[in-house]
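Student: Here the protein sequences line up with chains A and B, keeping their order. Heads up: the first sequence runs through residues 1295 to 1439, numbered per my numbering. Heads up: the second sequence runs through residues 656 to 1040, numbered per my numbering.
Hints listed in this document are in silico derivations from the structure and should not be mistaken for laboratory results. The model shown is predicted, which means the values in this text are computed figures rather than measured ones. Check before you lean on any hint, since a few could be wrong.
Across the chosen pairs, the derived CB separations fall in these ranges [as the list claims (entries may be wrong)]:
1) A:Lys1350 x B:Arg898: 45 to 53 Å
2) A:Pro1348 x B:Ser980: 16 to 24 Å
3) B:Asp983 x A:Thr1412: 30 to 38 Å
4) A:Pro1348 x B:Pro795: 54 to 62 Å
5) B:Ala671 x A:Lys1347: 16 to 24 Å
6) B:Asp680 x A:Glu1380: 15 to 23 Å
7) A:Gly1438 x B:His792: 33 to 41 Å
Using N, Cα and C, we set each Cβ at its ideal position, and we do this for glycine too.
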Amino acid sequence: MTTVRGCEMPDTLLYDIEANVWCRLEDSGLLTLGMTAYACSLSGDIVACMPRKPGKEVQQGKSCATVESGKWVGPVKAPVAGEIVEVNQQAVDDPTSINEDPYGAGWLIRMRPLDWQTESIRLLGGQAARDAYAAKMDEEGFGGC
Amino acid sequence: MLNTTVTRTVQQDLTALLGTIEGLDDLPFDRRLINDLQQQARWEAYTQTSALDVFMPSFRQQTNESLASTSMSEWPAVSITGGECVLQCDHCKGRILEPMLAAQHPQQLLQIVEGLVERNGEGMLLTGGSDRHNVIHYEPYFAVLEQIKHRFPEFTIAVHTGLATRQQAQAFASAGIDVVMMDVIGAQDTITQVYHLKREVSDFEQSLAWLCETGMRVVPHIVIGLHYGNLLGEWQALEIIKRHKVDALVLVVVMPHYADRRRPFCVPDVHATGRFFMDARQALPDTRVQLGCARPAGTQRLMLEVYAVLAGLDGIAYPGDELMSLADQLAIPINLFARCCSSPVPVQDKNRVADARQINNLSAIRSLNAFDQYPLTINRRQGTM
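So here's chain B without its partners, still in its complex pose (with noise of 0.2 Å):
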């Protein structure tokens, strides 16, 4: 156990804290919800044995002044049907899934991992379109995903299922598969309004249920907002996900850009998001909760990135340098990954970073984190900026 030389004000006044720091001062938080926060005073749960994991895998290119995120070895996105989508649904209509590296064959699943491990790469997340029952067909790719797991068991593989059969459950978890995610819907409107399914909450339970019991890890995700901007299925989803044993929940929030103009998306409520952020954190207070890598841009993005802090959780993916600058004023230890925030966080990578903060700089530390058995990396992105 390290002993800090950083002192931490018991009582911060968190509003007074936020109007310090350029980029928060002028944001409008919710007086209220920032009260109840100051009163749960969780971020003081930030210690140097369980400080906030920063996750910034390479499938979004993010350049924050205060990471070093040039260190950082390649985590991609890949999509099996490059960027179609059956499904369809009104949030997103294929879209996020367009700038993922596409291997719409299995043996161009296998050249991109063998390219990626040739270049330290760690690991992936795999994805893909769905069909209209919200199936992805990972079948063609079972093979070859365990020969990738037998050649490279040190890399890992993220694979998120949409509904899962159980069939497919098996079969992931006989491939090895590091850790499996599902996006938990809990409002049948959404299911039947957004998503144009024909199915019900109940399955998405069942889903999953039948990844639970591989004993594979197991993150479901909720995405807050899914139903055309507005909160309604959300705390549904905390119950069922509350039933199962899962190894983390991760939260997203829904980004509007992506939605059809025809049929548009607002913003989520920032502040019914960071109250949502803090039931979360109360309704599985042993089970990780992170911040994931979704969520709107812009001054909305800060504001959720500050509740999320604020609230506790235990990690946040691609956090803007406004919430690393808050964290230096709360004293909250950081610890920095270059993989996907679903994936398992190495327990002595999270040791190492820990003696590094004795020398109190945590600028420093954030340099010093780049873990020395990871060799640097550049992201094989075309072009940089």
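Okay, chain A solo, but in the shape it has when bound (with noise of 0.2 Å):
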């Protein structure tokens, strides 16, 4: 498994460095999204998740679920804009899935793209990814996961 300072990084997803998201798109043409470990390093033990409704459209940037721990309270933003299709129950039933294993049985949303060619570009991966969250880790002054 990639990491960048201990935090685990799939080389097989894009990332949102800015919202600190993953996500993937899934031969469905759907977007699988979640936090990434180092989002989930940041907000410590997940105490409850509050995705919004399928159905309901979001834009670029905007909150698609609310995520709260003991000293933190906020948004998971959506990595591009589209329609939330499915939440992961499993996730708000037992937020502690979301610390444990991010990138799999925590993962929060799907949701169907509205212009994935479009909005994607600013999406990164692999080394890109990586570098790019080294230097966010800088200057957060980040210690690792």
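The two chains are supplied separately, each in an independent frame; assemble them into the complex guided by the hints.
Tutor: If you want it as structure tokens, here you go:
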């Protein structure tokens, strides 16, 4: 598994560096997304997850879920605009799965992107994502996962 | 006095209204309680000169889409024992202290405050773990606290006292502490079983009395659901507080996720808690009553916030965007403060915000309400999200 400062960053995913969100375009055309391991480390133990409902359209950069830990409450921002089609009820019922397996059982939302070709250009993957995250971690004084 | 251009529907159907707000629309609110709150219509008491005060101190990071949270000054929580607490109550085991800034030596506290002042910080919440008798040992810190208040008189210090002795209460006053807070427990079983204390309910009242006799600003807290998530001594605590001249009451709700799994807490019944908000408001009609920063997470948090505002509480810490939407719908004016809800609310700030309200755009007010006399300061948290 590829890591940056001890935070897992699978090469198969794309990342919205600013929003600290990963995403993966499925064969179905739907986009699965969730919090990165880095985001989970910053937030600490997550105690609640409240995704927006299926059918809701969200704009890029706007909240598609609210997540709470003991020291943080905030939005998970959509990496691209789209319609929410599915939420991970398991993560809602047991938010510890988000910390424990952010790229697997802890996924948050599936959405249908409105304009993937255009909006996905700003998302990074592979070495570019790792470099961007390393710079972000430096800037934020992050010690590591 | 301002004229508002927002009209408020006197007998608004609250249940129907809640059904139109995303995030609140499918929550299982107690219809009877909503009806009772509707009858009382306490939220209609919010006016431009008596707005709902919203508090966003920096000891918790909350990002709201509807609030200008990035324009906030710093207001951290500092623990004089770090994450250590000898008492090890069942509801927390010291875990609430862990994310706080640690100042385990008086000079460390001074350095923290100097740094805060340099970054235009407005104040801090000072607390710590207690001994086996629920006493927090501030004695080594009194001299430096006095020094801090002498050097930085505008820097507000709010101290969570634990069960203060008379000597401690007087020392806090001598040091110039701005506000003191303590949890008032009204059930002997809670004191014995949850806190493992050989103390009595009367000890809590005595401590409150000692704090009040100093003339300091005193803001007791009631932790709702402190008996393993059940409501037990809350009404007795309210009776105790009624007997003393306090400046405000802060209601907080126990957070079960901090409890030890071997002695678990349930989430307090949100509807019973909402009814207690109503009772507290009625019991203390002339005293500020506020919903503080601690409460359960998720949908329970959202429902508690709604009940608090409909019950007419004067202020709320860290409201969610859903609550802000409800406030918009009910035309409730908002004042936003980057400080602990126990601290005094500057009157001049309220006037400034009221002026801003004239532009009749609540979102803009929340942006304007960054208090130009408190320059923008970014949280010095490790990392941002």
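Student: Does each hint hold? Answer for all of them.
Tutor: Hints versus structure:
1. Evaluation of the 45 to 53 Å hint for lysine 1350 (chain A) and arginine 898 (chain B) yields a pass: the beta carbon distance comes to about 50 Å.
2. At about 20 Å, the beta-carbon gap between proline 1348 (chain A) and serine 980 (chain B) stays in the expected band of 16 to 24 Å.
3. At roughly 33 Å, the beta carbons of aspartate 983 (chain B) and threonine 1412 (chain A) sit within the given window of 30 to 38 Å.
4. Roughly 57 Å separates the CB atoms of proline 1348 (chain A) and proline 795 (chain B), a value that falls within the hinted 54 to 62 Å.
5. For alanine 671 (chain B) and lysine 1347 (chain A), the Cβ-Cβ distance of about 19 Å falls inside the hinted range of 16 to 24 Å, so the restraint holds.
6. Range check, aspartate 680 (chain B) to glutamate 1380 (chain A): about 19 Å between beta-carbon atoms, so the 15 to 23 Å window is met.
7. A hinted range of 33 to 41 Å for the beta carbons of glycine 1438 (chain A) and histidine 792 (chain B) is consistent with their spacing of about 35 Å.
Of the numbered hints stated above, none is contradicted by the structure.
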